[in-house]
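Next come the chains, spelled out residue by residue.
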Amino acid sequence: MHFLFKTRYEQDISLFRHNGQRFWYALLALALVAAPWLLSEYTLSQLSFIGIYSIVCLGLMLLAGYTGQVSLGHAGFLAMGAYTEAYLQANGWPFALSLPMSALVAGLTGVMIGLPALRVKGMYLSIATLAFGFILEEVVVRAEHITGGNSGMQIGKLIIGGIDFDDHVNFYYLVIGIAVTCVIGMLNLLRSPTGRAFVAIRDSEVSAQSMGINLAYYKTTAFAISAALAGISGALYAHKITFITPDQFGFLQSIELLMMVVIGGLGSIQGAIFGPSFWFFAQQLIVVGKDWLPSALGQQTGLQPTIFGIILIAIVLFEPMGLYGRWLKIRTFLQIFPFYRKGMFKRQKSYMKSERMK
Amino acid sequence: MTTPMLEAVNLSVQFGGLKAVDNVSFDVWPNEVFSLIGPNGAGKTTIFNLISALYRPSAGEVRFEGEVISRMPPYVVARHGIARTFQNIELFEHATVLQNLLVGRHCHRHTGWFQDLLFTGSVRRAELEFRRQVEEVIDFLDLQHYRDSMVVGLPYGVRKVVELGRALSMRPRLLLLDEPSSGLNTEETEDMGFWIEDIKHDLGITVIMVEHDMSLVSRVSDRVLALNQGEVLTLGTPQEVQAHPGVIEAYLGGVEE
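Chains as they are written, first to last, in our numbering: chain A, 1 to 358; chain B, 1 to 257.
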């Protein structure tokens with residue numbers, strides 16, 4: 001068993017807790033760099049998708065997992081990012097400017113949608129964001145002169161500094177580079193006062209404000225950052241798909257994003273990566289597994305949503321901390337073998353919730 | 001000691017037809033321990049919520065060092081140097097004790113979210129400084145053992161101390177303690193008494209306390225305000241208040257006619 005001996009305060013705020021972690025993350029980085037040589041073009045493209053979805057899931061994780069504001073309209077932010085990118089690209093903006101602009105436009109939309117969060121909470125907020133999601137989708141359909149409406153919009157070639165990034169290997173590196181940057185930014189936020197303020201709001205609004213935290217400001221900030229990440233993700237998504245239509249950013253997309261985050265594990269950065277990774281991996285598994293099933297079942301429409309639905313129910317019931325929680329347990333089991341006890345991660349229910357002030 | 005630290009002037013608050021606090025006035029002087037006592041529903045916690053601006057008074061006002069604070073948003077009141085604990089513990093449960101205490105330093109931060117996003121040198125330096133300050137509180141309250149534990153797994157007595165620690169991390173000038181000894185055993189209550197005395201003498205923080213345990217109240221308080229049904233019964237030293245016929249009647253019931 002490994003015991004961490006702390007001698008300096010810096011150890012608690014550094015990105016890596018110990019050298020073992022440094023080693024494993026370095027190995028992961030190496031694997032990500034080497035992937036184009038090891039994997040087929042198709043698998044690499046799936047990895048790019050995982051990277052793109054990880055970015056939006058990071059944003060949703062910040063909002064739902066860390067600030068406690070569940071959004072059911074995140075596909076709307078994705079759309080804002082995708083269409084801004086497509087529009088600016090068509091007008092000859094370089095990617096280095098259009099990507100930040102996509103983040104900015106989505107972020108500002110996030111501020112707008114975050115405003116109801118200052119008044120309503122929990123379920124009612126989710127419904128408000130849901131409505132906003134529908135409105136955004138409708139706006140995209142109606143603004144035909146910019147978005148092409150229901151007939152969709154074609155995105156031009158992605159060329160940065162003379163290098164063709166539509167090439168699948170280059171694009172993969174671009175996505176992974178941006179995703180890693182976003183992860184680091186997120187880790188920075190969470191180890192600083194802003195991140196603590198988010199967690200404080202999630203766990204107790206009343207004491208957060210008595211600690212000097214301006215609820216309105218931090219909720220709006222959480223929405224803005226979350227939406228900006230979705231905007232970045234949307235811009236990359238647009239380049240990956242090369243043809244975007246409003247129905248790609250509908251209600252189902254929002255639900256899928258939320259499912260990914262819950263499956264990955266609410267309240268963990270790793271969860272935002274595990275979620276989409278699992279999603280795409282399971283999709284492949286279903287495609288392959290279909291052929292083995294009796295055709296009456298295998299060729300059934302709606303097989304995939306059904307399976308994901310069952311997985312979600314199972315996770316909520318048996319592993320509320322998601323895949324990341326499961327991983328924590330396995331890791332602890334291995335670390336302290338043979339002393340692991342079944343109830344180690346059981347938490348006591350909180351006291352006297354009923355008497356809490358609103 | 002020419003001006004009081006906190007003045008409540010003709011405070012009233014009404015919830016529908018219920019007058020929870022009715023025309024209550026009192027002054028709290030620097031460096032004293034001021035207790036509010038009274039039977040359930042007397043309006044003690046309501047007065048706390050008025051001071052920390054979670055409620056708005058229907059009439060009257062609260063002044064902190066001469067400035068009216070009862071119209072400010074709660075987070076601004078906190079920044080003036082008023083910290084509080086809650087009757088039923090309002091900790092950030094899915095965070096470690098250390099993180100909870102660090103939230104207490106929030107109002108002393110100077111960096112914005114964008115600097116935090118990049119974790120610039122100034123953020124790093126501020127974080128280390130915050131940590132050093134929080135460690136002082138950890139030493140003061142003997143919380144070393146729990147530093148990295150999640151609050152959700154801690155026993156009630158420890159949570160109570162953590163909440164006190166979180167309030168102290170703000171380095172407040174006025175500390176509001178809502179039933180600091182409720183749910184604690186005799187030994188823990190004893191410790192709480194020592195800490196309150198140390199907070200007053202060593203840290204020089206003024207304390208306003210709501211408390212039911214009369215032995216704790218008479219041990220640490222300089223003055224006691226007794227309330228009943230939103231009205232002031234009497235104000236004086238713990239001995240005076242305990243001997244007051246109105247207080248005895250409120251607690252034990254009047255003599256049958």
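Source of the hints: derived by calculation from the structure; they are not laboratory data. Among the hints, erroneous ones may be present.
Calculated pairs, SDA-like style, for lysine to any residue (alpha carbon to alpha carbon, straight line, at most 25 angstroms) [claimed, not checked]:
no.	chain 1	residue 1	chain 2	residue 2
1	A	K121	B	R56
2	A	K6	B	S25
3	A	K240	A	A35
4	B	K200	B	R56
5	A	K329	A	W24
6	A	K6	B	R71
7	A	K121	B	K200
8	A	K6	B	G16
9	A	K6	B	Q133
10	A	K6	B	K200
11	A	K240	A	A143
12	A	K121	B	P73
13	A	K6	B	E136
14	A	K342	B	F140
15	A	K6	B	F140
16	A	K121	B	R71
17	A	K329	B	L154
18	B	K200	B	D142
Contradicted hints - numbers only: Hints 2, 4, 6, 7, 8, 10, 14 not satisfied by this model.
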